[in-house]
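Novice: Using the sequences and the hints given, assemble the complete structure.
The lines below spell out each chain.
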Amino acid sequence: MAKDLCSVMRTNFDRYDVDSKELTQEETAGMQKHFESCAPCQSWLAKWEMLRVCTKQMEELPVPAGLTDRIIASIEKERSSVSIVREFAFAFGCFAIFIALTMVFGQGTGQELLTWCSCFVLLISAQRLCSSLQLGEAT
Amino acid sequence: MQTLQTYTDDKLIELTLAGEQRCYEVLVRRYTRLVFNIAFQIVKEEGAAADVTQETFLKAYKALARFRIGQKFKPWLLRIATNSALNVIRASSQHTSLDDLLIESPADEPRSKEDIESEVESKMLQEELSRVLASLKPIHRHIFLLRYQYDLSYEEISEVMNEPVSTIKSLLFRARTAVRERFKEMPEASKTER
Ligand SMILES: [Zn+2]
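Chains as they are written, first to last, in the working numbering: chain A, 93 to 231; chain B, 547 to 740.
Which stretches of chain B does chain A cover? Using the computed rule of at least three CB atoms under 8 Å from a CB of chain A, they are: (1) 565-578; (2) 598-608; (3) 719-727.
Negatives, chain B to chain A, calculated, CB over 10 Å: (4) Phe613; (5) Phe619; (6) Asn633; (7) Ala637; (8) Thr713.
Source of the hints: derived by calculation from the structure; they are not laboratory data. Note that the coordinates shown come from a computational prediction; the quantities given were computed from them, not determined experimentally. By construction, the Cβ of each residue, glycine as well, lies at the ideal position given by its N, Cα and C atoms.
Specialist: What follows is the structure in structure tokens.
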């Protein structure tokens, strides 16, 4: 009979993690009362506590050399590839606007178009130069 | 950089999203060891765990815009790590779903009483525990360690595993029972629980 009670208490202890407060106050009190008065359960609890502490103190593997740097490098690569895509999208957007403006307000001559294109290429080169300088500073 | 390390995860994410890329680097340094160890628990191979760790941080970085500030970053990151590690296992053929991870392999069977008794008495408790944990079903080992080694709450484990809290409780119950039953130092526990 006592063994059955021990079994019930221990199963409850396992099923309802003490910290989770799933059991009612009465149930928790009943469990505590049993554990306090039952030597085999006390030893069982002590062993569980030992296992728990031991698990907590289990050694973790060290991070392999260079892994963190590898991760950071891969993120940097991702970031720059995303920004290149954005730059290209921006560049094409600007180009389309330039062409449209030339068509609407200019005479649409080849020479005028060439001037606009040169300005555009200069602008993009300046922007690329600025961002690579910024990147150099950050790293 | 010195002060960035004292920032909360939320603050670092906010700053990363605002263009402060160095802040994500702080998060990477903060969690690399944890993610690597969690991945290793699942894939059981250092090189593969390293790849999973890298993939995890990259996926998290790409998905960062979808991260809700106020949500906890650690379980969110560990969920990505767990899924990536499970994908590695699935790709290596023997498992196809989380349920399949519940199926015990012959190597997971508890060792016989004779084997345990014949073990050298001076064996360290830590080693014994490692052995017991290694003998658990992968899903039980994973959840047990998330709870007792890394101190994650039921809710956090539920988020990591993408399973309801009730499932996590049930799995953790089974994991605890299995640890006790297999731990040679606890004979009376296994007697009463059967
Ligand atoms: Zn008892």
